[in-house]
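Can you make the complete structure from the sequences, with help from the hints?
Protein chains in written order, with this note's numbering: chain G, 112 to 381; chain L, 112 to 381; chain U, 112 to 381; chain P, 112 to 381.
Rather than coming from a laboratory, the hints here were simulated on the basis of the structure.
Treat the hints with care, since some could be wrong.
Since the list can't tell identical chains apart, any single copy or any two copies may satisfy a pair.
List of simulated lysine to aspartate or glutamate pairs, EDC-like, C-alpha gap at most 16 Å [to be verified]:
#, residue 1, residue 2
1, Lys-247, Asp-220
2, Lys-378, Asp-327
3, Lys-214, Asp-270
4, Lys-353, Glu-252
5, Lys-294, Asp-327
6, Lys-198, Glu-185
7, Lys-296, Asp-270
8, Lys-118, Glu-139
9, Lys-294, Glu-374
10, Lys-294, Asp-270
11, Lys-247, Asp-183
12, Lys-353, Asp-338
13, Lys-297, Asp-327
14, Lys-216, Asp-129
15, Lys-353, Glu-167
Number of protein chains: 4
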Amino acid sequence: MSHNLLKGKKGIIFGALDSNSIAWKVAERCHEEGAVFTLTNAPIAMRMGAINTLAEKCNAQIIPADVTSDTDMENLIDKSMEILGGKIDFILHSVGMSLNIRKGKHYTDLDYEFMKKTLDISAISYHRLLKICYQKDAISEWGSTVALTYIAAQRVFPDYNEMADAKSLLESITRGWGFHYGKAKKVRVNTISQSPTKTTAGSGVKGFDGFFNYADSMSPLGNATSDSCADYCVLMFSDLSKMVTMQNLFHDGGFSFTGVSQETVEKFNS
Amino acid sequence: MSHNLLKGKKGIIFGALDSNSIAWKVAERCHEEGAVFTLTNAPIAMRMGAINTLAEKCNAQIIPADVTSDTDMENLIDKSMEILGGKIDFILHSVGMSLNIRKGKHYTDLDYEFMKKTLDISAISYHRLLKICYQKDAISEWGSTVALTYIAAQRVFPDYNEMADAKSLLESITRGWGFHYGKAKKVRVNTISQSPTKTTAGSGVKGFDGFFNYADSMSPLGNATSDSCADYCVLMFSDLSKMVTMQNLFHDGGFSFTGVSQETVEKFNS
Amino acid sequence: MSHNLLKGKKGIIFGALDSNSIAWKVAERCHEEGAVFTLTNAPIAMRMGAINTLAEKCNAQIIPADVTSDTDMENLIDKSMEILGGKIDFILHSVGMSLNIRKGKHYTDLDYEFMKKTLDISAISYHRLLKICYQKDAISEWGSTVALTYIAAQRVFPDYNEMADAKSLLESITRGWGFHYGKAKKVRVNTISQSPTKTTAGSGVKGFDGFFNYADSMSPLGNATSDSCADYCVLMFSDLSKMVTMQNLFHDGGFSFTGVSQETVEKFNS
Amino acid sequence: MSHNLLKGKKGIIFGALDSNSIAWKVAERCHEEGAVFTLTNAPIAMRMGAINTLAEKCNAQIIPADVTSDTDMENLIDKSMEILGGKIDFILHSVGMSLNIRKGKHYTDLDYEFMKKTLDISAISYHRLLKICYQKDAISEWGSTVALTYIAAQRVFPDYNEMADAKSLLESITRGWGFHYGKAKKVRVNTISQSPTKTTAGSGVKGFDGFFNYADSMSPLGNATSDSCADYCVLMFSDLSKMVTMQNLFHDGGFSFTGVSQETVEKFNS
Chain G
112 MSHNLLKGKK GIIFGALDSN SIAWKVAERC HEEGAVFTLT NAPIAMRMGA INTLAEKCNA
172 QIIPADVTSD TDMENLIDKS MEILGGKIDF ILHSVGMSLN IRKGKHYTDL DYEFMKKTLD
232 ISAISYHRLL KICYQKDAIS EWGSTVALTY IAAQRVFPDY NEMADAKSLL ESITRGWGFH
292 YGKAKKVRVN TISQSPTKTT AGSGVKGFDG FFNYADSMSP LGNATSDSCA DYCVLMFSDL
352 SKMVTMQNLF HDGGFSFTGV SQETVEKFNS
Chain L
112 MSHNLLKGKK GIIFGALDSN SIAWKVAERC HEEGAVFTLT NAPIAMRMGA INTLAEKCNA
172 QIIPADVTSD TDMENLIDKS MEILGGKIDF ILHSVGMSLN IRKGKHYTDL DYEFMKKTLD
232 ISAISYHRLL KICYQKDAIS EWGSTVALTY IAAQRVFPDY NEMADAKSLL ESITRGWGFH
292 YGKAKKVRVN TISQSPTKTT AGSGVKGFDG FFNYADSMSP LGNATSDSCA DYCVLMFSDL
352 SKMVTMQNLF HDGGFSFTGV SQETVEKFNS
Chain U
112 MSHNLLKGKK GIIFGALDSN SIAWKVAERC HEEGAVFTLT NAPIAMRMGA INTLAEKCNA
172 QIIPADVTSD TDMENLIDKS MEILGGKIDF ILHSVGMSLN IRKGKHYTDL DYEFMKKTLD
232 ISAISYHRLL KICYQKDAIS EWGSTVALTY IAAQRVFPDY NEMADAKSLL ESITRGWGFH
292 YGKAKKVRVN TISQSPTKTT AGSGVKGFDG FFNYADSMSP LGNATSDSCA DYCVLMFSDL
352 SKMVTMQNLF HDGGFSFTGV SQETVEKFNS
Chain P
112 MSHNLLKGKK GIIFGALDSN SIAWKVAERC HEEGAVFTLT NAPIAMRMGA INTLAEKCNA
172 QIIPADVTSD TDMENLIDKS MEILGGKIDF ILHSVGMSLN IRKGKHYTDL DYEFMKKTLD
232 ISAISYHRLL KICYQKDAIS EWGSTVALTY IAAQRVFPDY NEMADAKSLL ESITRGWGFH
292 YGKAKKVRVN TISQSPTKTT AGSGVKGFDG FFNYADSMSP LGNATSDSCA DYCVLMFSDL
352 SKMVTMQNLF HDGGFSFTGV SQETVEKFNS
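Okay, structure coming up:
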């Protein structure tokens, strides 16, 4: 059901790979709520993905972009404004990739060239995006940007590896830009810290199932799905959350403030 | 403009004193968004207040209740369900009063009987409310309750006095009930931590103006108004934030993550 | 081995019940490090306890005091200064008792008269203590007070019940007094948030063993013992931590920043 | 006065540039407390610095090392063990440099090659150091490492620029290594978050004086000096803080938990 929360709003959505992606659900929901937007992803991800189906469904154009390239990102912003007919009102940044995880390097044995690439793709890309928007004055007043993050930025989840560090950096960049962009242009910058989600990316992480079940047991409402995450993104893009900025918003069924569940304690009773 | 975010939802709103109250704005916005609700306040506050005007405007009935009385609170819940025709979907708890502040007692000279009364009114009341609802099974699945709080629960604002302690207690109770009520009945329990607001209550605090200006300067988007707070409450009551619970949500224009503003630094340049 | 870290310092130690108490270990270590101090506990606790043995060992006098009584607390401060020959340099507050737990009342069914008593004993007592010291100017410049707390103040541990709320209140009081006493007299006020500890009090909590094992598995260094906690208290009382105040210091082998351990994840692999 | 807290301990101290450096004070205090150690700094920093004076005073050898070079860091660890005659017990990481600040690039106009260099020097260097130690098994059981950080990792201080992001990354790395190194070898990894300090590096930051005064006004005990920071480092290196790991320890006179001071509010009274 639509509430017309984003009627007439213009956006850019990063990271829709396939129908398991959170970004895919966000696109569907933004479309339902009356927004128009462009879709973007890494050129390589798009070759593997089903993004055309989504684009048709949402009547959206696709603009491939490497998030580590200034040229690609400038092109993305310019084209999006041209296609959508004006400044951008909202952006979803759902981008992350760990080269060390992909190469099987443990946290105690990181390759630092890989790590810098991970940070560039997963965190600095948010800075780059906002810098280019800022310099082009491409975001409307009270515009809202959201990046997806994970609680490993606050506490150690060993299999999350260097991605934890990337997410900490991402959240710091969120505060930094939230301050400067808010002060200058009233643009809002936040992260949403989502439950472990059975996306194509998420499921690939080692030990994902045990971890997913643990998080589910430790969350009074259970793990949040990508559908509910999409709803929450819509709220954060809407005009009804105008004064929320520089925040990391936990969307996790209560996981973040649960110290232990009874089910967990019972497993440790000898 | 209405988005029908609360269409058919039933609620209880505590704390509307006059048109400067955040609760007043919340009532107006919930009404616009399609909710029906009852209004409540302390019997004494109602004698002073203009709440009848609000009740008429929102087509709501008023049920006086002393938040420290089990009998009154039980009556409030029973009557509300009777009037609204079923279980409650949302509750706003906007209740706080400091006897030590009122009596001019400094934080270093608190009267502990006053303090216990302050805690009872301002924090334990949220526990009492949720306990009675829980025992009567009075809240719908996925129902949502919000209490208003302030960042003095995390950091010291000297003039906020013992109210800081009351807000810490309130936020802890929020986590406790969020866990238990979520687990048992999928009810959500959160707080919203609002900018200093020029309500009749807020303005009474000593040194309020300097403090208000400071917070405004330290918030990249400026202080959040009670109107925008009402919008945010609507979002938290809606079905689009279903997996958010046990959280303290800063609604403050970015104050909470700003360490210093340039304006502030300049005042300290000699 | 002594480092003479507290040579010539005068203190008051609350809460030594028997040789399993953290406060007992703190007293032993303070004695080793050259401090003189008085011991105090509730009159009723002392009748059950072995505190005389400790007093002899440490050459300390015992002053019974009900922490909820102004008269008792004033007597404690006056007598301590008289016995020790001057102002107090350090205080350990290791005091907590939950009437609702003792009476078997679940968090969802609290008795509020019990709760207020719990808050009075476990949290307001720290305020009362500091207020009386402040008004008598009983603590030396750079004096240091520590109260013991637990991470349930930040996250929900269901069996910890209302004690979580009491600890949140305690930590807020710590910040409040840390501000005011620091500003006025350079006195430091902190809490130490200790691992679950097999004290006579701690072990009594329902489900303690499973919980203890869980915390041990989730702490990279394992649970901290009361001996190591005593060492840490000595550091916080010493002159080498002079600029640390208003803090909640986790002493927990890393539990507080561990999201999950591999052992825990494995238990959730189906 | 020495307490022999580090008697017989072997360490490595990074970052002593001149007598205003925190690392310089740490070296002096570690020497007093009975430790032996090597000193290291970037080759270029050493050419400018007065480190030889310190080395003589502490009877320490100097090993130049570029923290971004594996070869240099391996050499540093190997040589230090050789010189000191065994495994390392403590390390101070006081390393940070922002190329964007140096080049006058504002946060809204960062150069990302500079930023990656900043992250490499200021944050990844701590990972590299610990990785090399881990792989060489170069740190004793219960060994302790401390990196210096700043509260800009949590809240925005605009002039701190990208260094805030570097410090967030550093603190995340601290948690990651604290977990893995603690689990495997009982090595502790922490950061100390220090008040603004009038070091040669600190003073260079734009607007430093106003900022220093502001922090001083907002800290009930005033800003912590580098001398007191050195004392606190000694405590964290000692055996008396054995169960403290993965923590960010504020050493700031109470700044971190002060929301506002009366002096600050007064400046905002119109």
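Okay, the hints, checked on the actual structure:
Proximity of Lys-247 to Asp-220 under the C-alpha cut-off of 16 Å is restricted to the inter-copy arrangement: shortest distance 12 Å between copies versus 40 Å within a copy. In this assembly of identical chains, Lys-378 and Asp-327 lie within 16 Å of each other by CA distance both inside one copy and across copies; the values are 15 Å within and 13 Å between. Taking the shortest alpha-carbon separations for Lys-214 and Asp-270, only the intra-copy value of 13 Å comes in at or below 16 Å, while the best inter-copy value is 38 Å. Proximity of Lys-353 to Glu-252 under the C-alpha cut-off of 16 Å is restricted to the intra-copy arrangement: shortest distance 10 Å within a copy versus 28 Å between copies.
Taking identical chains as interchangeable, the C-alpha atoms of Lys-294 and Asp-327 lie at most 16 Å apart only when they sit on different chains, with a minimum of 11 Å there against 39 Å within one chain. Taking the shortest Cα distances, Lys-198 and Glu-185 sit within 16 Å of each other inside one copy (14 Å), while across copies they are farther apart (51 Å). Taking CA atoms no more than 16 Å apart as the test, Lys-296 paired with Asp-270 passes in neither setting, with 39 Å inside one copy and 19 Å between copies. For a Cα distance limit of 16 Å, the shortest separation of Lys-118 from Glu-139 inside one copy, 14 Å, qualifies, whereas the shortest one across copies, 22 Å, does not.
Only between protomers do Lys-294 and Glu-374 lie at most 16 Å apart by alpha-carbon distance; the minimum there is 12 Å, versus 46 Å within a single protomer. In this homomeric assembly, Lys-294 and Asp-270 come within 16 Å of each other (Cα to Cα) only across copies, at 14 Å, whereas the closest approach inside a single copy is 38 Å. Taking the shortest alpha-carbon separations for Lys-247 and Asp-183, only the intra-copy value of 14 Å comes in at or below 16 Å, while the best inter-copy value is 43 Å. Taking the closest pair of Cα atoms, Lys-353 and Asp-338 come within 16 Å of each other only across two copies (11 Å); inside a single copy the shortest separation is 23 Å, beyond that limit.
For a Cα distance limit of 16 Å, the shortest separation of Lys-297 from Asp-327 across copies, 14 Å, qualifies, whereas the shortest one inside one copy, 37 Å, does not. In this assembly of identical chains, Lys-216 and Asp-129 lie within 16 Å of each other by CA distance neither inside one copy nor across copies; the values are 27 Å within and 39 Å between. Proximity of Lys-353 and Glu-167 under a CA criterion of 16 Å is satisfied in neither setting, with 31 Å inside one chain copy and 29 Å between copies.
Hint compliance for this structure: hints 7, 14 and 15 are not met, and every other hint is.
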